[in-house]
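Those protein sequences? They're chains A and B, same order as listed.
To convert, count from 1 in the first sequence and add 1; that's my numbering.
Position 36 (the second sequence) corresponds to 32 in my numbering; numbering is contiguous.
The set of hints was computed from the structure by calculation and includes no laboratory data.
Where is the CB? At the ideal position from N, CA and C, for every residue including glycine.
Possibly wrong hints are sitting among the right ones.
[As the list claims (entries may be wrong)] Computed footprint of chain A on chain B; a stretch qualifies when at least three of its residues, placed anywhere within it, have a C-beta under 8 angstroms from a C-beta of chain A:
hint, stretch
1, 6 to 20
2, 63 to 73
[Said to hold, decoys possible] Derived DEER-like restraints, expressed as beta-carbon distance ranges:
hint, chain 1, residue 1, chain 2, residue 2, range
3, A, 45, B, 29, 33 to 43 angstroms
4, A, 320, B, 13, 30 to 40 angstroms
5, B, 27, A, 14, 29 to 39 angstroms
6, A, 316, B, 41, 24 to 34 angstroms
7, A, 64, B, 28, 35 to 45 angstroms
8, A, 164, B, 57, 42 to 52 angstroms
9, A, 175, B, 27, 26 to 36 angstroms
10, A, 221, B, 24, 16 to 26 angstroms
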Amino acid sequence: VNAIRPLEPADLPAVAALYAEIDKNDPDGPLSGYIDFFNRTLIEHPLADPEIPALVYDDPRDGVVGMMGSHPRQFIHGDRTVRLACSGPLIVHPDHRPRGLGALLLRRYVAGPQDMTVNDRALDMVHDMWSRLGGVTDSAGSMSWERKLAPVGAAASAFALRMIGRERPPGAALYAGIDAALGRRLRPALPSSGETEKLTHQDLADVIDRCGRAFELRPAYDAEYLSALFGVMDEVVLGDLLVRRLVRTDDGRAAGAYVMYLRAGGPAHVMQVVASGDDIGLTLDHLFHEAAAAGAVTVSGRVEPHLVSHLRERSCRIDWHYWSMLQSRDPSLVAAVLSGKALLTRLDGEWWMRPRPQGSSLVEEVQAGASRVAAAPAFAMTTTALADLGV
Amino acid sequence: MSTAALTERISDLIRETLHVVVPAPDTDLIESGLIDSLALVSLITEIEAEFKFEMPLDDFDVERFRSVEQIATYVAETHPDGSLA
């Protein structure tokens, strides 16, 4: 019997229990939400690939004590379709961590048939393991940019995250009032041109198809994939709302698109910005304006080379974040990412994935510019808890 | 290569690669905390390179990596033709 084998549906209760044990926000929460999440993202996902499965470590005595998630993605490299495998989460029962099972799962996973393995949420130790296994660091992707929208609220949010593991601090309305009185100059104005509308799956596929041609490596989206992707993203508790927008110029041309999680009184997390040339600036301006209008205190995202000059013009700060790692037997794929010729964003990674126990469903409820937010989530996985996803 | 020589070579490899001095060939490397996940990956990679073979991916038995003695036995078993010169 092999200790490492593909994840099967019958393993889901054990995997959910394993995840719940390390989820300090809700260690005793119901498991059904976790089971559903892992089933949808790892087994029944339209891009699930039996050749690149999620893996479990099946201990002869204790059963499933470790798991490596797998999220296959279809990308276009030049004129061919390639398979990217986004790894994660990597979880191992605390009692079995000293045996190095996480390392064995990662070793097995990166040796798979995929064209390239990626991860955008590696902690230090996982980063070191990747490096020992021949992986390389995507330095730009290991950094994040941030623009402060409400300095008092941003400071309170950062403090609340550090102290109580929540991005929205108690008394957020008070801080918002202070920022409203003092921080008008920081609030992005409504861009003088263009407008936004809800982004359909076809819109995003079209924008990627058009703008993506500037990149050697780009995602191959279709409506089925995007429907499944956003179906899962809608239920993730990373923000109160998942916002998807198409930006049009005044003459009606589709200029770009953005996807972000919004939280009034807390940060807005950008998952993807797609545009080209001068349209990047216009798209970012609409994004910043919407985030501020909805009450976000900061807006942040992963550093992607094609955005850098536009972010700099908009006074965004750069800082280190989780490690982004790559491994491939094809040097041209790695080179495409490291040279900034890949459209590889958080939307295609594991960064935003947060399973949650059974709770309220969250759907996009705001129109552009509205500030109403949905009910508070059942829980929010934080970076504090993520740090405990030990191996 | 004799078992004793193999044991000594693996001890040297651990010292050179992981900067860990193993007290005795039968010391439990995991129980004693001498190696962790990262060290295990490094050790596997180094042993594969040193002894020119690939360890299995799916049924790698971590229990056989608990001591230098066990590792030496495992490596010797993978080279039954005596090719470890």
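> Quick check: the stretch 6 to 20 of chain B, covered by chain A? Criterion 3+ residues, Cβ under 8 angstroms.
Replying inline: violated (count 0)
>> Is 33 to 43 angstroms respected by the C-beta to C-beta distance linking residue 45 of chain A and residue 29 of chain B?
In response: holds, 41 angstroms
> Is the distance from the Cβ of residue 27 of chain B to the Cβ of residue 14 of chain A consistent with 29 to 39 angstroms?
Replying inline: At roughly 30 angstroms between Cβ atoms, residue 14 of chain A and residue 27 of chain B fall inside 29 to 39 angstroms, so the hint holds.
>> Quick check on a hinted range of 35 to 45 angstroms for residue 64 of chain A and residue 28 of chain B, using CB atoms only.
In response: Distance hint for residue 64 of chain A, residue 28 of chain B is violated at roughly 26 angstroms.
> Do the beta carbons of residue 175 of chain A and residue 27 of chain B sit within 26 to 36 angstroms of each other?
Replying inline: At roughly 53 angstroms between Cβ atoms, residue 27 of chain B and residue 175 of chain A fall outside 26 to 36 angstroms, so the hint is violated.
> Is the gap between the beta carbons of residue 320 of chain A and residue 13 of chain B within 30 to 40 angstroms?
Replying inline: holds, 33 angstroms
>> So is the stretch 63 to 73 of chain B in contact with chain A by the C-beta rule, three or more residues under 8 angstroms, or is the coverage claim wrong?
In response: Violated: only 0 residues of the stretch 63 to 73 of chain B have a Cβ under 8 angstroms from chain A.
>> If I claimed the Cβ atoms of residue 316 of chain A and residue 41 of chain B lie 24 to 34 angstroms apart, would that claim hold in this structure?
In response: Check failed, 44 angstroms falls outside 24 to 34 angstroms.
> Holds or violated: 16 to 26 angstroms for the Cβ distance of residue 221 of chain A and residue 24 of chain B?
Replying inline: violated, 49 angstroms
>> A range of 42 to 52 angstroms was offered for this pair. Does it hold for the Cβ distance of residue 164 of chain A and residue 57 of chain B?
In response: holds, 44 angstroms
The structure fails to meet hints 1, 2, 6, 7, 9 and 10 from the earlier list, while all remaining hints are met.
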